[in-house]
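Asks: Sequence:
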Amino acid sequence: MAVVGVLALQGSYNEHMSALRRIGVKGVEVRKPEQLQGLDSLIIPGGESTTMAKLANYHNLFPALREFVGAGKPVWGTCAGLIFLANKAVGQKLGGQELVGGLDCTVHRNFFGSQLQSFETELSVPMLADKEGGSNTCRGVFIRAPAILEVGSDVEILAECPVPSGRPSITIPSAEGVEEEVYTKDRVIVAVRQGNILATAFHPELTSDCRW
256 MAVVGVLALQ GSYNEHMSAL RRIGVKGVEV RKPEQLQGLD SLIIPGGEST TMAKLANYHN
316 LFPALREFVG AGKPVWGTCA GLIFLANKAV GQKLGGQELV GGLDCTVHRN FFGSQLQSFE
376 TELSVPMLAD KEGGSNTCRG VFIRAPAILE VGSDVEILAE CPVPSGRPSI TIPSAEGVEE
436 EVYTKDRVIV AVRQGNILAT AFHPELTSDC RW
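Just remember that this note's numbering sits 255 ahead of the position in the sequence shown, which is counted from 1.
Don't take every hint at face value.
As the list claims (entries may be wrong) - Capping the alpha-carbon separation at 30 Å, the derived lysine-lysine pairs in BS3-like fashion look like this:
| no. | residue 1 | residue 2 |
| --- | --- | --- |
| 1 | Lys440 | Lys343 |
| 2 | Lys386 | Lys281 |
| 3 | Lys328 | Lys343 |
| 4 | Lys287 | Lys328 |
| 5 | Lys343 | Lys287 |
| 6 | Lys309 | Lys328 |
| 7 | Lys309 | Lys287 |
| 8 | Lys328 | Lys281 |
The hints are simulated quantities; they were obtained by calculation from the structure and are not laboratory data.
Throw the hints in and build the complete structure from the sequences for me.
Replies: What follows is the structure in structure tokens.
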């Protein structure tokens, strides 16, 4: 039986563990580098990404996480987990947070605003129906969620979301890294896949849809 690790430092790891039990998959909570050994795949859950990064650094997890991703084993990041896996994150405090990397994209850490601007919406994800059957839509639960601003050529876009009209205005760095420009597109990327890496800005584990 495949064994799936769930990074259990903070955030919604209990919900991921429950989802794994619902589909009959063995889940193991991961808090230390040695607990990654023997795992077939890994989930990095949502939560407070800065806090998760500090705890991961405290437990010296970053080198082991990078090795796991680099080994080509399946890894799924949700919300804060998406931020962890991104090669670049913007919208952070000065100095930012340490990233695992591996996913060729730029993420805005709080694209959709604060906790008060959390929302749910129906997302079109044809890949789910193609691979797992059922509807080609899923319920997207966005909680103080990030979004993907740019992706590399090897990254497959799985889902986009209309930008809510009430979302606070944001800025993103220009190519020169000095000037800033407002993000004005009416849709934004919220789910991607690159090789062994899957990432969602939303929380499938908070719904009854276990196809992810």
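Asks: Each of the hints needs a verdict: does it hold here or not?
Replies: Verification of the hints:
A C-alpha spacing of about 20 Å is found between lysine 440 and lysine 343, which places the hinted pair at or below 30 Å, so the restraint holds. Taking the CA atoms of lysine 386 and lysine 281, the gap is near 21 Å; set against the 30 Å cutoff, the hint holds. Note on lysine 328 and lysine 343: the hinted pairing holds, with a Cα-Cα distance of about 21 Å set against a maximum of 30 Å. Taken as a hint, the lysine 287 and lysine 328 pair is honoured in the structure, with Cα atoms around 18 Å apart against an allowance of 30 Å.
The straight-line distance between the Cα atoms of lysine 343 and lysine 287 is roughly 24 Å, inside the 30 Å bound, and the hint therefore holds. Of the supplied pair hints, the one linking lysine 309 and lysine 328 holds, its CA atoms being roughly 24 Å apart against a limit of 30 Å. Distance hint between lysine 309 and lysine 287 is fulfilled; the C-alpha atoms sit about 13 Å from each other, no more than 30 Å. At roughly 16 Å between alpha-carbon atoms, lysine 328 and lysine 281 fall within 30 Å of each other, so this suggested pair holds.
In this structure, none of the earlier numbered hints is contradicted; all agree with it.
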